Amino acid sequence: LAKTTQPISMDSYEGQEVNITCSHNNIATNDYITWYQQFPSQGPRFIIQGYKTKVTNEVASLFIPADRKSSTLSLPRVSLSDTAVYYCLVIKYGGSQGNLIFGKGTKLSVKP
Amino acid sequence: DTAVSQTPKYLVTQMGNDKSIKCEQNLGHDTMYWYKQDSKKFLKIMFSYNNKELIINETVPNRFSPKSPDKAHLNLHINSLELGDSAVYFCASSQDGSGRGRTTQYFGPGTRLTVL
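As given, the protein sequences belong to chains X and R, one line each in that order. Going by the working numbering, the first sequence opens with residue 1, and the numbers climb by one from there. Going by the working numbering, the second sequence opens with residue 1001, and the numbers climb by one from there.
You may find that some hints are simply not true.
[Stated by the list, open to error] The following label-pair restraints were derived from C-beta to C-beta distances: (1) R:Ser1020 - X:Thr29: 35 to 45 Å; (2) X:Lys52 - R:His1073: 33 to 43 Å; (3) X:Lys52 - R:Ser1080: 42 to 52 Å; (4) X:Thr29 - R:Arg1063: 37 to 47 Å; (5) R:Ser1065 - X:Ser74: 40 to 50 Å; (6) R:Thr1013 - X:Val59: 36 to 46 Å; (7) X:Lys54 - R:Gln1095: 21 to 31 Å; (8) R:Val1012 - X:Tyr93: 36 to 46 Å; (9) X:Thr56 - R:Thr1013: 43 to 53 Å; (10) R:Pro1008 - X:Asp67: 40 to 50 Å; (11) X:Glu17 - R:Pro1061: 41 to 51 Å; (12) X:Met10 - R:Phe1042: 12 to 22 Å; (13) R:Gln1095 - X:Lys111: 32 to 42 Å.
[Claimed, not checked] Result set (DMTMM-like, lysine to aspartate or glutamate): computed pairs, CA atoms no more than 20 Å apart in a straight line: (14) R:Lys1040 - X:Asp11; (15) X:Lys3 - R:Glu1058; (16) R:Lys1041 - X:Asp82; (17) X:Lys104 - R:Glu1058; (18) X:Lys107 - R:Asp1038; (19) R:Lys1052 - R:Asp1096; (20) R:Lys1041 - X:Glu17.
Treat the hints as calculated values from the structure; they're not laboratory data. All values derive from a computational prediction rather than experimental measurement. Where a beta carbon is used, it is the ideal one built from N, C-alpha and C, also for glycine.
Make the full structure from the sequences, and use the hints.
See below:
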């Protein structure tokens, strides 16, 4: 079971790029890295998913090094509305195994 | 249209009572989930159902029982409520048939349960 470790909290200012790193040292071949965002008083929302190298969408980029033991969620030019909790998950594809562990996530606070 | 809806949004009840939380999704997804988020914001999977079949059944007290009358609904029944059950409960759905979140999960707004 691939456990993830992320910082509990991060602070940033509007307009800055924010990078949140997640460690998943025992990630397996069939595992994908997925990030969710949760605003206060709302359910989590999918941001991005990747397997290796780099994935980019309209919201964020996900960088995954060759060994895949960590990943970095990059939020370009954050605004106050990006204040949220960000969860890193390792999702197992294939077979009948795999659990869903969100953990506590990283609380990002964006200041003006 | 709300994709994943939950009722009620707030639920305040006394210890020992039995209560239910309803969840409905109109996305046509095959899999539905229940999560619990405690006061420390730790979000933990409780159950997942795929086509009315239980897939994930985490270590939760057997006072919690999910019931899926059809693919679009997954209700959570809680018997003999305890103080420690106070939390926000989220329902979610996804398209994949694994029941293990392999495709995007869509979450409901949550139900805040307070046990007095």
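Consistency of the hints with the structure:
The beta-carbon spacing between serine 1020 of chain R and threonine 29 of chain X, approximately 41 Å, falls within the hinted interval of 35 to 45 Å. For lysine 52 of chain X and histidine 1073 of chain R, the Cβ-Cβ distance of about 38 Å falls inside the hinted range of 33 to 43 Å, so the restraint holds. Roughly 48 Å separates the CB atoms of lysine 52 of chain X and serine 1080 of chain R, a value that falls within the hinted 42 to 52 Å. Distance hint check: the CB atoms of threonine 29 of chain X and arginine 1063 of chain R are about 38 Å apart, consistent with the given range 37 to 47 Å.
The beta-carbon spacing between serine 1065 of chain R and serine 74 of chain X, approximately 42 Å, falls within the hinted interval of 40 to 50 Å. Look at threonine 1013 of chain R against valine 59 of chain X: about 38 Å separates their beta carbons, and that is inside 36 to 46 Å. In this structure the supplied range 21 to 31 Å holds for lysine 54 of chain X paired with glutamine 1095 of chain R, their Cβ-Cβ distance being about 25 Å. In this structure the supplied range 36 to 46 Å holds for valine 1012 of chain R paired with tyrosine 93 of chain X, their Cβ-Cβ distance being about 41 Å.
Distance hint check for threonine 56 of chain X and threonine 1013 of chain R: the Cβ-Cβ separation is about 46 Å, which falls inside the suggested range of 43 to 53 Å. At about 47 Å, the CB distance of proline 1008 of chain R to aspartate 67 of chain X agrees with the hint of 40 to 50 Å. Between glutamate 17 of chain X and proline 1061 of chain R the CB atoms are about 44 Å apart, so this pair conforms to the stated range of 41 to 51 Å. Restraint check, methionine 10 of chain X to phenylalanine 1042 of chain R: a C-beta distance of roughly 18 Å satisfies the suggested window 12 to 22 Å.
Distance hint check for glutamine 1095 of chain R and lysine 111 of chain X: the Cβ-Cβ separation is about 37 Å, which falls inside the suggested range of 32 to 42 Å. Pair hint lysine 1040 of chain R plus aspartate 11 of chain X holds up; C-alpha atoms about 19 Å apart against a cutoff of 20 Å. For the hint pairing lysine 3 of chain X with glutamate 1058 of chain R, the CA-to-CA distance comes to about 16 Å; that is within 20 Å, so the pair holds. In summary, the hint linking lysine 1041 of chain R to aspartate 82 of chain X is supported, as the alpha carbons are separated by about 18 Å, within the 20 Å threshold.
A threshold of 20 Å between alpha carbons decides the hint, and for lysine 104 of chain X with glutamate 1058 of chain R the separation of about 17 Å falls inside it, so the pair holds. The suggested pairing of lysine 107 of chain X with aspartate 1038 of chain R holds, with an alpha-carbon distance near 15 Å, which does not exceed 20 Å. In summary, the hint linking lysine 1052 of chain R to aspartate 1096 of chain R is supported, as the alpha carbons are separated by about 14 Å, within the 20 Å threshold. For the suggested pair lysine 1041 of chain R and glutamate 17 of chain X, the alpha carbons sit about 25 Å apart, so the restraint of at most 20 Å is broken.
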